[in-house]
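Chemist: Read off the chains here:
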Amino acid sequence: MKKGCSFVLIMAMLTLLTGCALLQEQQPEEEYVYEQFSPKAENGQPDIYLITKGYGSFYWDTLREGAKSSAENYGCNLYVAGTPSESHLESLAELMLDAVEADADAIIVSPADIPQIAEAVDQVKKAGIPLIFVDTILNGKEFDVCYATDNMQAGRLAAKEMLKLLHQNGRKDTDALSVGIDIGVAESQTILERLAGFQEYWSDYAPKSWKVIEDIKINNGDIELAEKQGYEFMDSNRDLAGLVGLNNGSTVGMARSVMQRSRTDLALVGFDYSEEMKQLITGEEYRAASIVQRQRAMGYYGVEQAVKLIAGGRVEYRYVDTGVQQVDHDNVNSLYIQEVINGQ
Amino acid sequence: MAILGRKKSSKRTYGIILIFYLIVCVLILTSGFIDARSMVEAYNASQAKLVSGLLVENVNVALDNAVAQVEEVSYAIAEGREEDPEVVYEILKTYADRSDVHSTGFIANDLNVYGQAGDQQDMVKLGYLKQAVAAQETIVTDPFRSRISAAIVITIFVPVYKNGERFGTVYANFPLDKLQEYANMSNLGGQAGIYLINCNSLNCIACSDSAYAVAGTWNNLALRQSQMEFDSRNDYQFYIAKMQNGIKGDTIQYRIDGVDYTQGYERIDKMKGWYLAVELSDTAMSGSFNRFQDRLLAYGGLLLLATVVAGIVLIVMEIAQKKNFEKLSSIDAMTGLYNKKTFTALVEDQLTYGKDPGVLIFVDVDNFKIYNDKYGHLNGDAVLKKFARELLEEFSQTGIVGRYGGDEFTVYLKSVSSREYVDHAMERLEKKLSTIELEEFGEVALSFSAGGARYPQDGSTYVELCKYADEALYKVKADGKGKYYWYQ
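As given, the protein sequences belong to chains U and A, one line each in that order.
With the numbering used here, you'll find the first sequence wraps up at 344, consecutive numbering, no jumps.
With the numbering used here, you'll find the second sequence wraps up at 488, consecutive numbering, no jumps.
What the hints contain is simulated information worked out from the structure, not anything from laboratory work.
Incorrect hints may have been included.
Claimed, not checked - Sample of chain A residues at the chain U side, in silico, Cβ under 7 Å:
id, residue
1, Ser149
2, Asn200
3, Val214
4, Asn220
5, Leu303
Built from N, CA and C at the ideal position, the CB exists for glycine as well.
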């Protein structure tokens, strides 16, 4: 009977241990600190709240500068807050609710597709506050207007640039060649739309013997991994003629791999104007192009439209593509492109 | 040692039977699981094909209706007398107000668009304007995001001919969410991913909110394929090739992140190069079937566990019972001491395997027959019990105590070589056993005679030790009893 008791005891201990393990897993996360709004000015001017899902980077700071410049032009108070990265998006929803609580005249937000934000969007609309999306659009959600890059179109432009660079590299339509694509995360609608745009343009206009490598690589935001994936593309595809990075991190990784191996025969198309891309585009050895967004315009027009809506105006278009610009060796030195690169 | 050997052998047999039973149970459960799994897969494949077939039929009907409506309006314009594009646009606006379309308009042959400026900008941006004017028959565009509504739409372009001459082109923006309504099944509870797929670019757009994507979300099958487990990739490539070769419909099963999916596609007639696909995970479409399977496994597992526990409990009980029986056959029922057989076996074991010195003592109740005759058998038994009790108290820590038979007791002291130690113990015993309280007779005098022999000095075997201890006892009896002698 003693053995029977031992068995029961062992089972009980296992249950307790499992319980302890579960308790350990449920330990609360460290408190997360995010940027908060400054107090209201109470000067009789319209109060516009801008919430961004990033700051401290060229992209987000330029968007904010555009919004500030617009607020100065139109004489309104702009309160800016946000999360330092996209890893704590639920804080965005909290900031939206803070803005509602503060009795905002209009809210401008770069949203993300998570349930908390959907609920916050409902709260904003319930309060009758004009809501403007910048950078990202949410499918099926109530908002007044969205200023964002048409990422499908940006993807198409990336494909068009790649075809152009491949031709410039002396590739013939009859050559058998392949192009590798690297992306940040597979869940980002922005990246997925760029990918879809790229594939659409490629299937419509690329010569039939020019292939996109089916194994699309995902680096999960890790630039070192992206660089490694660049080498993998080179090592496992003898006919590799081009590399594409569909977001900034992927592009930097691809650019580093190309420079490290001095693969001047490869064409590179990416997004945003990083130091690495600048080196490749401005230099004489490599064929490279970057697709640059107009984030300053998103901020500027967002505030401009908010002022109109506060004054009782109507929106003409609910979705405004702020456009993208391809930057390559041919146009990089023009004044206009330099302004675009510098976020003007 | 023979008893011990038998115990081990029976334990091993039980262990083998238990393991064999467990293996059989696990085999039965595994084969049941595999069988249920293949049923789920077959069920999912047939359901995906059925569902995608039904949904495509709905989508085709919806698209046919939408195209038919625009074609009807275009026919009316072709047959009418209005030649001013502005007037045509006004007619089209009336049509738009009573239909599902978001916006509509007229494109003159000179590429002038009579409609909302946003529509024109979209058409220019996407290259549809020239394409529409050049088309000889109705075309339906790929889905795109409308500048005016911010919704995903498709545009239907219908050429208009008047008196055999091209008059212009009517367009209407049809919202994708209307198609989504047709390409959705409420009873799937958002568990099915429904997509429009372009077979050339391999782009796909979600038609319904599901566990996998929000409606209107783009993706690409190449990316989807790169997320699949290696074994599924070739099959999926073959599946896509079928789509690209114009085969009307097919189904496939694949695995992503340990989850099995079934996908079925069907061709959409009105959208060239576009297919409608339904993706189901094994945990979604066949949820109830899977739940049944999971419960079957859970209950099977519990039954198995219960059987194992019951088996272990039975074995433990049987071993305990056996021990009890063994104890009963080795113990003297009246005194609770070892009987002669067991005492002999234990001492022989000790002498065979232990090298320590020891002492064997024979203890005999003096004049026991008188107690039986004078005070009755019950009191005689009481005398024997008292002896047993006192002997155990004195020697159970260091030795083996047994009843040799009748009024004779035996004690073997392990690891004892000192005569003084034994002499002191016997003196204590003598005092304890000098009287006994008997029922009805009160206190009665008591004494015993004892003889001891030492191992290995006096004898090296059990028989020798018995013989010499008995000789010492005989000497005590000869000297008038009530004493303790060592073998000389």
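Chemist: Hints first: check each against the structure and report whether it holds.
Modeler: To see whether the hints hold, each was checked on the structure:
| no. | hint | verdict |
| --- | --- | --- |
| 1 | Ser149 | holds, 6 Å |
| 2 | Asn200 | holds, 4 Å |
| 3 | Val214 | holds, 5 Å |
| 4 | Asn220 | holds, 5 Å |
| 5 | Leu303 | violated, 16 Å |
Checked against the numbered hints given earlier, this structure breaks only hint 5.
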